[in-house]
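Just so you know, the protein sequences line up as chains G and P, in that order.
If you're matching positions, the first sequence starts at 1 in my numbering and goes up one per residue.
If you're matching positions, the second sequence starts at 1 in my numbering and goes up one per residue.
Treat the hints with caution; some may be incorrect.
Calculated cross-link-like contacts (lysine-lysine; reagent style DSBU-like; alpha-carbon spacing at most 30 angstroms) [said to hold, decoys possible]:
1) G:K5 <-> P:K25
2) P:K144 <-> G:K431
3) G:K118 <-> P:K118
4) G:K187 <-> P:K233
5) P:K39 <-> G:K454
6) P:K118 <-> G:K5
7) P:K233 <-> G:K65
To be clear, the hints were calculated from the coordinates, so they are not data collected in a lab.
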Amino acid sequence: MAELKFIEGYPEYMRKLIDIVNKTRQARRDFTPKAMTMAERDEVLQVHPDYAPGGKRQILFGPNKGDMAANEVVDLLEAYPVVDSKVINLSNPDYSVDLLIIGGGLAGTTAALWAYDKGVNKDKILLVNKLRHGDSNSMMAEGGTQSADRENDSPARHFLDAIGGGHFTNKPDVLGALAEDAPLIMKWLCDLGAMIDRNDDGTFVETAFGGASRRRMHACRDYTGMEELRVLRDEFRSRQIPCLEFYPVVEFLTDGNRLTGAVLFNLETGDYKIVQSKVVILSTGGFGRLHIRGFPTTNHYGATADGIVMAYRVGAKLRDTDTVQYHPTGAAFPQQIIGLLLTEKLRGMGAQPVNIEGEAFVYPLEPRDVEAASFIRECYVRNKGVVTPTGMKGVWLDTPLIEVKNGSGAIEKAFPGMFRMFKRFDLDIRKDPVLVFPTLHYQNGGIETDPWGKTNIESLLVAGEVSGGVHGKNRLMGNSTLDCLVFGRRAGITASQILNNKLPFGKLTLEHLPKYIAQLKNANINTARKAPIILPDYRGKAVLARMIDVF
Amino acid sequence: MPEDSNIMDKIAESNRSVVTGIDEKEIQYWVTISVLGRKYRVPAGLTIMQAMEFAGYRLIRSCGCRAGFCGACTTVYRIEGDYRLKTAMACQTRVEDGMYLTQIPFTPAERSDYDLDKLRPGIEALLNNYPEILKCLGCNSCTKACPQDIDVMEYIAAGKRGDIAVMAEISFDCIQCGLCAMRCPAELAQYNLAQLARRLHGKYNTPAPEHLNKRVEEIIQGKFTKELEDLIKMSVDELRKVYTARDIEPE
Ligand SMILES: Cc1cc2nc3c(=O)[nH]c(=O)nc-3n(C[C@H](O)[C@H](O)[C@H](O)COP(=O)(O)OP(=O)(O)OC[C@H]3O[C@@H](n4cnc5c(N)ncnc54)[C@H](O)[C@@H]3O)c2cc1C
Ligand code: SF4
Ligand code: SF4
Ligand code: FES
Chain G
1 MAELKFIEGY PEYMRKLIDI VNKTRQARRD FTPKAMTMAE RDEVLQVHPD
51 YAPGGKRQIL FGPNKGDMAA NEVVDLLEAY PVVDSKVINL SNPDYSVDLL
101 IIGGGLAGTT AALWAYDKGV NKDKILLVNK LRHGDSNSMM AEGGTQSADR
151 ENDSPARHFL DAIGGGHFTN KPDVLGALAE DAPLIMKWLC DLGAMIDRND
201 DGTFVETAFG GASRRRMHAC RDYTGMEELR VLRDEFRSRQ IPCLEFYPVV
251 EFLTDGNRLT GAVLFNLETG DYKIVQSKVV ILSTGGFGRL HIRGFPTTNH
301 YGATADGIVM AYRVGAKLRD TDTVQYHPTG AAFPQQIIGL LLTEKLRGMG
351 AQPVNIEGEA FVYPLEPRDV EAASFIRECY VRNKGVVTPT GMKGVWLDTP
401 LIEVKNGSGA IEKAFPGMFR MFKRFDLDIR KDPVLVFPTL HYQNGGIETD
451 PWGKTNIESL LVAGEVSGGV HGKNRLMGNS TLDCLVFGRR AGITASQILN
501 NKLPFGKLTL EHLPKYIAQL KNANINTARK APIILPDYRG KAVLARMIDV
551 F
Chain P
1 MPEDSNIMDK IAESNRSVVT GIDEKEIQYW VTISVLGRKY RVPAGLTIMQ
51 AMEFAGYRLI RSCGCRAGFC GACTTVYRIE GDYRLKTAMA CQTRVEDGMY
101 LTQIPFTPAE RSDYDLDKLR PGIEALLNNY PEILKCLGCN SCTKACPQDI
151 DVMEYIAAGK RGDIAVMAEI SFDCIQCGLC AMRCPAELAQ YNLAQLARRL
201 HGKYNTPAPE HLNKRVEEII QGKFTKELED LIKMSVDELR KVYTARDIEP
251 E
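Work the whole structure out from these sequences, hints included.
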């Protein structure tokens, strides 16, 4: 069969459509569509996956009974445990530690370093990871981290920008801590040797972004999360803090009230291990791999909501479960990278969304939900999207405009990662636009905490994307890497304080499981589903249809 | 507006193969690859990672970010009939007909534990922690292997000169995949050396800027605490007013 013919990365028919974009570029250079009015925003939001009906249902039991959440999340709350409390042997814990940290992204790694700094014996800390230490959403953060450290800026302003962006639903005390600690965190990163972008005079390069009243975004090229996390991980390793990999936690242990340990699952051999711990910090990140509403995602392979599922079983309270963040600019072509993130900074530096007719149809820096909805409308209501060879629709993001506006060389300098990703598939984002469509990006809500990471469950501290409150119902760019660093630090400090009080180990039980199962039954939930799911399954359909279970 | 949930169905439908695995009925173009010596017919145009999943592998090792950031999916391969050994990140490389491959999920590599506060940028820091740097033969195998197109040999050369700044800058995009170390006849783990160089550079050559130090001082003195406390106590209506009235820095 004849191959589809590609010309410099694009099939012939898409090349013709690109010509149209090329033709209108000069005219668009000095034209930016007007920002929407509030009424226009409300209208377009009707096609946003978070607002369009059918995507959510009520949580039927537990501390958040009556709250709405995405179907895919409720599915996991309405699921049976993967371990059978009757067969697990809890009598000889394999590890006895003071502090168990679950998930080594930015939040967990930061927590470990601060607990260590505050005197927790390193051999009494254990960091467990589902995949390798660092395989996480943190590693992928491109755009940057916020911190109000310029003369004309202040933590109060940072607070205001974030709470406005969050539609005034953020938990104020937690947000206050985020804004006030941000510069301390920046200083800490500098002292540990992170390479944060600088001007010639040594000051930070700080850029503007959607929703901010001051330039406040700090980046490390377009590898911000990678630079932050690899520096912290290097320090973690130098201090020889114990760490396990490919050992996800699949269930918590309690003494009836207090959290006392966890069940680990060896992903390779299939057996379990028991950890007894005086304090637990949960930092398992987000849930992009649940593919809410069938959307592709920017998230890493292990982003499957395990933390929320396990915490809800022991009675932890969640909040803001009813919103999910979709990023407007996920890659829609080529097929190999569908859903992967194209950072907001591209639009910040002048790239314009353009439809099939070469028209700039939306103000490029609307809030993320409005921008995303406008892309969906352009594709599915106005039918002005471009259809890919695999049947996906998208709009153009006119990246060459960045160099028209900022001079040639601007793209490679500011976006080496992005440039490289497309080059690998023979596409040159300096010369050609790229096709984009909204992608599932961030779990806005999560487990409720106080400003020091404490939850309603004794001995359970929470930090990072798995927590809820600091961003309310919508997060601004650059506040979540910051969230992980600020509350990772605070959780680490809190843990050390709790441990100072000579806390004893607690009894290890799985008592909460039969209680949870009773709640499922009471709510008439009939299902064979099990959770946490640990990893998504992308195996081909034909193979799955022929699986046999031999050993 | 038309039926909104209908739109959501259409979107879900168009994303089905990315989200739930590929149905072969929809595939027109095929290639044959071989994984660990066994041949599989897979859809053309997939990444190596997607192709392995299509073939039935449920990945545990060798898969992290799925986006070219984490270095988990290190892969080496040849194309039938071509003597050259190639390297790739499985999540960022398209399958080709005749590709035969294996993944390298783990790189055994030495890294040194150090206290950054006791080191200074310069040749000593490198030599004390990684004396093997002097053994580099200048063969360029590392550079040829690097999936990030980093001039690895060049940053090692910079290190040998004690030029920490250049080593840090050149190595910045390193995803620590380990391929350079696997290819090095002098047995260096280049990426660990580079990590040390970047931290030295960050800490000592570009220390925290004055404006940051000043702000940190102000925070420690509690300069902003009252203002924040007031905001924390405000009603949503009041907040809305203050928010709307705030001035926006011109671009
Ligand atoms: C592509 C992308 C770009 C982004 N860009 C930005 C940006 O520019 N600025 C910004 O501020 N934010 C950005 N974000 C968001 C931000 O990176 C994340 O919200 C944040 O890093 C989450 O950190 P975390 O430590 O909470 O979780 P993660 O970094 O995801 O770490 C959680 C870890 O826990 C592990 N884990 C999960 N379940 C278990 C289990 N059961 N047992 C053991 N371990 C487990 C995971 O495998 C993972 O390693 C971006 C996110 C993505 C995906
Ligand atoms: S420098 Fe080495 S470890 Fe880093 S990306 Fe290149 S080959 Fe991989
Ligand atoms: S592969 Fe090893 S010996 Fe060869 S240039 Fe690179 S560092 Fe030097
Ligand atoms: S899976 Fe992270 S680089 Fe490929």
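Report task. Could you grab the alpha-carbon distance between K187 of chain G and K233 of chain P and see if it respects the 30 angstroms cut-off? Result -> 28 angstroms, holds
Query raised in the report: Straight-line Cα separation of K118 of chain P and K5 of chain G no greater than 30 angstroms?
Result: 58 angstroms, violated
Query raised in the report: Given the proposed pairing of K233 of chain P with K65 of chain G, does the C-alpha separation stay at or below 30 angstroms?
Result: Holds: K233 of chain P and K65 of chain G sit about 28 angstroms apart, inside 30 angstroms.
Report task. For the pair supplied as a hint, K5 of chain G and K25 of chain P, confirm whether the alpha-carbon distance does not exceed 30 angstroms. Result -> Cα-Cα ~21 angstroms, so holds.
Query raised in the report: Taken at face value, is the distance from the CA of K454 of chain G to the CA of K39 of chain P at most 30 angstroms?
Result: With a Cα-Cα distance of about 53 angstroms, the restraint between K39 of chain P and K454 of chain G is violated, given a limit of 30 angstroms.
**Report entry** 30 angstroms Cα cutoff - pair K144 of chain P, K431 of chain G
**Finding:** 26 angstroms, holds
Query raised in the report: Given the proposed pairing of K118 of chain G with K118 of chain P, does the C-alpha separation stay at or below 30 angstroms?
Result: 20 angstroms, holds
When each numbered hint is compared with the structure, violations occur for hints 5 and 6.
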